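So the chains spell out like this:
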Amino acid sequence: MNTVLGSLQGGGSRKPRLPRPAALGMWPVLAVLLVIFVWPTVVIISRSVTDPPGAGLSNFHRVLTDPTVLRFGWNTVRTALIVTAATAVIGYGYAYAIYRAGPALRVLLLFCALLPFWTSLLVRSFAWTVILRDTGIVNWLLLRVDVVDHPVGLLRTPFAVTLGMTQILLPFVILPCYTAMMRFDRDLHLAARSLGARPSAAFWLVFFPVTRVGLVAGSILVLVLSLGYYITPVLLGGPGDQPIAVLIASQVTTQLDWGLAGSMAAVVTAVVLALLALGWRLVARAFLGEEVR
Amino acid sequence: MTLGSTSPAGIHLQGVRKSYRGQPVLHGLDLTVAAGEFVSMLGPSGSGKTTTLKVIAGFEQADAGTVTLDGRDMDGIPPERRNIGVVFQNYSLFPHMSVAANVGFPLRMRKVGKQQRQEQIRRALSLVELGGYEDRMPRELSGGQQQRVAIARALVFEPQVLLMDEPLGALDRRLRAVMQLEIKELHERLGLTVVYVTHDQEEALAMSDRIVVFNAGRIEQVGTPREIFRNPATVFVADFMGDSLSLSGNVTANQVQLAGGAGEFALHGMVVPEGAARFLWRSDAVRVAEPAVLDQNGPTLRLPATVITSAYGGDALRLRVRLASGDVGIVTVRDSGQAPPAGSAISVLLDLSTAVALPDGADRYEVAS
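Which chain is which? The protein sequence lines are F and R, in order.
Using our numbering, the letters of the first sequence correspond one by one to residues 131 to 423.
Using our numbering, the letters of the second sequence correspond one by one to residues 7 to 375.
No wet-lab data here; the hints were simulated from the structure.
This structure is a prediction, so every number in the text was calculated from the model and none was measured.
Everything hinted at is true.
Label pairs and their in silico Cβ distance ranges:
#1 F:F333 with R:G138: 27 to 35 angstroms
#2 F:F314 with R:D341: 46 to 54 angstroms
#3 R:G137 with F:L406: 37 to 45 angstroms
#4 R:K120 with F:L163: 54 to 62 angstroms
#5 R:K117 with F:F314: 25 to 33 angstroms
By construction, the Cβ of each residue, glycine as well, lies at the ideal position given by its N, Cα and C atoms.
Whole structure, please, built from the sequences with the hints as guidance.
This is the structure:
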């Protein structure tokens, strides 16, 4: 109550903020989130220093030295970086294709880009298993055109994980890139041309730097999301390609080692929060189209 | 080299046509701009003036016709090889580059060495009185400063022609007046060819050597500001160039019969073809009087009128009046401290020697109200 009154009186240069009906309506949502999301997270992470009793920082010591944890951790980081790079290149290019397309094609391309959002993650991951398995369409095609004489093992490989995650996470890059491009003032391109820039120079020296904000925002989001990916690697990857999320789950469900699981979760959460802290302004600007303090 | 040492180029347009999705926007345009001339393209929005500018810049290809610059056919030559400076309405500075990088951009494209580049950037910025602003970002500058940077950027590579597309449209009125004079001075100092697009007739009158009035994709009239203002060739030009009062009439021999039996008078030295014509007075050439006052000095036509509205404008008062014939026009009178109320009857006194006679075409410029 004090803070509400304080902000009503308005201090210094800050704009006085009135409690709006919409803001009041947010409280139940925040309360639900607090109970079903924030509280369990706090409980799990607090186990990292309390399980077993008197654990202190010993769990964190294991996280940073145990070869299994490090292997799963490296899997996670490597996959996340490759997926981020792949979605960045393909997503920006796809967004540019939408931007340059005529009105009818633009609708179609946007629809295709958004399609993954409207289908379940599980269904999409399973679809990739159907496509990539030994009797799937890719191997059928390769066999038919006699490129190979026996099926290529595509499923249960790092390649399958990267491919699946890239496809699923692409919209998170396409949308902010497309938004940034739609906001691009076409006169800037004409100005560059009139000043002596060939089309390629106008693109790389003006269009790309101005629309890069969308690419950076989308890439941060993809990086954050792919660090915590679970279902897709489980369905498409082999035993050696599993991310840290899978190890955390197995520590809890089979080893009952809540302390180690909690400390691994704490490390991942810290990395994700750090990335978001670095990129939040960009993400907010690209997705919400506004400056966030 | 110093700025502006390149000899300016003339521009020649012949039979230029352009359509967008089957809608013609330019109907066979012929226009010659002499080297070193300041020409304004004036007209309402959608009249084709900006399209013409884009065709000259090479941003748009004409469907038919030729554009020559300095005698060279520009067909198929992309904008980056035309050596034309363009200034846009919204400045179009590159937001991610400093002022120096913006101004240096055309030099970078021309592979000018770093030393010489810095020297030319410095000189171009001092030309627009922005020396010392090299490291600022565009968003840190006011609108007027941004437009000066844009002008410096468009001049730094010594183009033969400078195109300006409503460059002052986004600035407030006072700053606009200052910038008008600065641009005019730059033109006189550098002697380059300037094609200036505007929809503001005062701006065109103030700055230009010649004005090209556009209407619906055609050129209505080309002439010096004085010619355009005092001797408009068509009713459209007359209406567009400012407030006026005009009457329809019919010319037979040496006699004019005003429409609706408003009166008749003899032509005084005016050469008007027989038939339908329109007689127009600039709003400052009309006097008004109380209905009862008799004032007969010189060949003056006296017509009863009703005040529709009045607007106070400092030393003058603008009255919108309706004549008995139904014609509506605007007259400007000196402010006498009190505006006549709406609906009051007055007389307008029209001096026949100041009338402009025009063939009565159907195409008129109507101010949306």
